[in-house]
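Those protein sequences? They're chains A and B, same order as listed.
Just so you know, we're using my numbering here: the first sequence kicks off at 6 and counts up by one.
Just so you know, we're using my numbering here: the second sequence kicks off at 193 and counts up by one.
A couple of the hints might just be wrong.
[Claimed, not checked] Incomplete in silico selection of chain B near chain A, CB under 7 Å:
| id | residue |
| --- | --- |
| 1 | 299 |
| 2 | 319 |
| 3 | 385 |
| 4 | 521 |
| 5 | 525 |
| 6 | 731 |
If you are wondering where the hints come from, they were derived from the structure by calculation, not from laboratory data.
Don't be surprised by glycine CBs; every beta carbon is placed ideally from N, CA and C.
Residues per chain are reported as follows:
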Amino acid sequence: MVFEGKKLILGKLGLDGHDNGLRIVAKWLVGAGYEVVYVGLYNTPQRIAQTALEENADAIGISFLGCEHLYYAEKLLDELHRNDLGHVKVVLGGVIPPDDVGKLRSMGVNAVFTPGTSKDEILKHIQLLWNQ
Amino acid sequence: MIDLDEEKKMGNEEKVKLGYLEGERVPNFKSLSGIEYQRIYGQSDWSGQLPEAGQYPFTRGIHHDMYRGRLWTRRQQSGYGTPEESNERFKYLLRVGQTGLNMDADVGTKLGLDPDYPLAQGDVGLQGTSLSTYEDMKALYKDIPLDQVSSTLIVQPPYSAVVMSQYLLLAKERGIPWENLIGTIMNCALTQLVGPTLQSNTTFFPIDLAIKIGLDVMEYLIPRAPRWNIVNINAYNIRETGVSAIQEAAFSLSMATDYIKGLMKRGLDVDSFARRMAFFSAAHIDFFEEVAKLRAMRRIWARMLKERFGSKDEKSMWFRTAIQTSALPLTAQEPLNNIVRTAVQTLAAVLAGAQSIHTTGYDEAYSLPTEESHKLSIRTQQIIAYETKVVNSVDPLGGSYLVETMTDQLEEHIWEMMKVIETRGGFIQCFKDGWVEEQINEARYKMAEAIESGAEGEVKIQIFKHAKDMQARRIAYIEEYKKNRDQEAVIRVLDKLYELCKDKPESNLFEPIMAAVEAKATIQEICDALRKSADFMIPS
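Let's have the full structure, built from the sequences with the hints guiding it.
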């Protein structure tokens with residue numbers, strides 16, 4: 006499997022507890038051969054970065070639902086840079102308005118998956134993260 | 193939904209072949225809960241007798257005249273940003289034809305956190321309104337007569353004790369006797385956030401103390417606010433995790449059983465409180481199954497109250513439910529389709545005899561429900577109420593071989609599952625054991641297989657476009673608030689609350705919590721005092 010050895014941290018930031026989507030994506034990624042560290046709800050950007058460091062992760066996947074994405078994406082990216090984790094890819098998903106996708110990408114987010122993205126598309130784009 | 197998605201994957205030739213040459217067919221004839229619909233239903237399936245509407249066990253509705261006597265309440269959920277902003281939206285909704293309010297608080301409020309708490313800052317005002325202080329409640333209900341407009345306050349225990357206190361104090365300040373207050377405090381532990389999932393219910397408050405304070409709220413309200421619903425048993429949020437209609441009904445009725453037992457254990461007569469317990473259920477898109485589910489729930493509630501708990505008052509046996517149309521069938525692609533879906537779901541709720549309805553906005557998958565989409569939800573209900581004539585006769589589907597057969601089937605399945613839960617120690621025990629979470633996870637993965645797309649299972653939340661300023665204002669507000677008050681008085685009431693909770697855990701904590709609100713303690717300060725008494729730590 007080409008994905009072998011790639012490790013992703015999946016979790017949510019802040020107080021939003023809607024994790025149906027994230028759990029489903031975690032299952033898909035495991036099925037595709039990735040190693041997934043599922044950190045669940047109520048994380049801070051610091052904690053996610055710390056986990057990425059400790060786990061030597063290749064990517065971080067965060068899902069949003071209540072429009073906290075801009076607030077937290079900025080903080081998470083700062084935190085990664087502060088910890089010399091610029092090489093760790095950042096993937097966001099969930100209810101993110103189309104207008105904000107460009108903003109997130111220009112901030113340095115590597116991929117954004119909005120509602121309705123198919124399993125195949127998600128897996129394809131995640132694989133491409135390391136071919137860019 | 194599956195149909196439309198399948199169709200998209202096909203080439204044009206295949207579509208033509210399917211549509212015109214072979215005729216279209218749905219992939220199977222199963223209900224959403226997996227019950228097989230028969231080709232046709234007849235007398236051999238059902239030949240029973242139905243009670244008159246308004247008669248036990250209320251299969252045909254809890255009132256003799258149902259909507260001929262009074263239409264259901266149009267109650268759209270709303271709440272976002274600051275209390276002042278939500279007040280504006282409340283007034284708008286009442287102006288365009290809403291007949292009751294449905295106040296949703298933000299996640300911080302629902303977890304007992306103030307806007308300035310670091311982990312809460314990014315979520316302030318996004319999924320509901322931010323409500324920390326008594327003054328916030330005052331701003332939220334400015335110009336709205338509490339004794340004329342009914343309100344549902346969507347907050348779970350123990351935070352419900354704080355928000356209910358704010359509301360009662362506001363009534364007191366305005367000179368409105370509590371016995372004239374009309375509305376509902378959700379006050380349902382374990383389900384409020386994203387259904388009964390463990391992490392969301394165990395991270396910010398100890399479960400047992402939350403359930404206990406929920407009962408405190410109920411006990412306090414019963415004699416003092418006789419027109420107020422003391423709990424809205426939240427079946428909707430259970431359903432939105434992806435479980436079946438049978439699980440939704442069985443879980444919520446079992447949870448209600450635990451509440452009834454808890455109040456009876458305190459020495460209360462079942463007929464003093466059961467008539468003030470109400471439900472909040474989902475209307476998914478399997479039309480007949482949803483109608484049958486609500487009719488079955490009505491019968492089970494009535495039988496449970498009469499036969500198991502010895503109720504003698506018919507009003508206790510009335511299963512009263514608010515309905516929200518489920519967001520699970522809604523999609524972000526082709527959002528206008530959602531208008532059709534929610535109209536069908538709303539019709540199911542009406543034909544099932546619901547007491548109030550929230551029709552989910554068609555655009556909630558990708559944006560803040562605009563005033564326009566909020567209005568459209570209200571209009572959907574008005575069209576059904578005033579144009580279609582479906583309200584003219586009571587229980588118009590009653591006696592349908594299909595609906596009656598399915599009502600019987602669902603009732604049987606729901607009872608069976610309730611028995612399983614009972615033998616496992618009741619719903620609260622099943623939740624604590626992780627059994628409920630297992631059931632939910634199984635449903636989530638099934639749902640994933642069914643949709644095979646990355647769509648979020650839940651798309652019911654509002655998106656706030658310009659959050660930063662609003663959040664900064666709320667954070668500054670709460671910081672100022674905490675500086676400008678009689679600090680000693682605050683410390684005094686919080687210490688008292690802490691000691692009472694620690695030393696006399698059996699005493700009712702509602703009055704001391706209300707005293708703390710009155711002394712200008714914030715929602716988090718009150719909850720922190722309670723957490724401290726249980727040696728409970730929350731993530732920072």
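Checked hints:
1. 299: The hint holds - residue 299 of chain B has a Cβ within 7 Å of chain A, the shortest such distance being about 4 Å.
2. 319: holds (4 Å)
3. 385: holds (5 Å)
4. 521: violated (13 Å)
5. 525: Hint on residue 525 of chain B: holds, closest Cβ of chain A at ~5 Å, below 7 Å.
6. 731: holds (5 Å)
Hint 4 from the list above is the single one not met by this structure.
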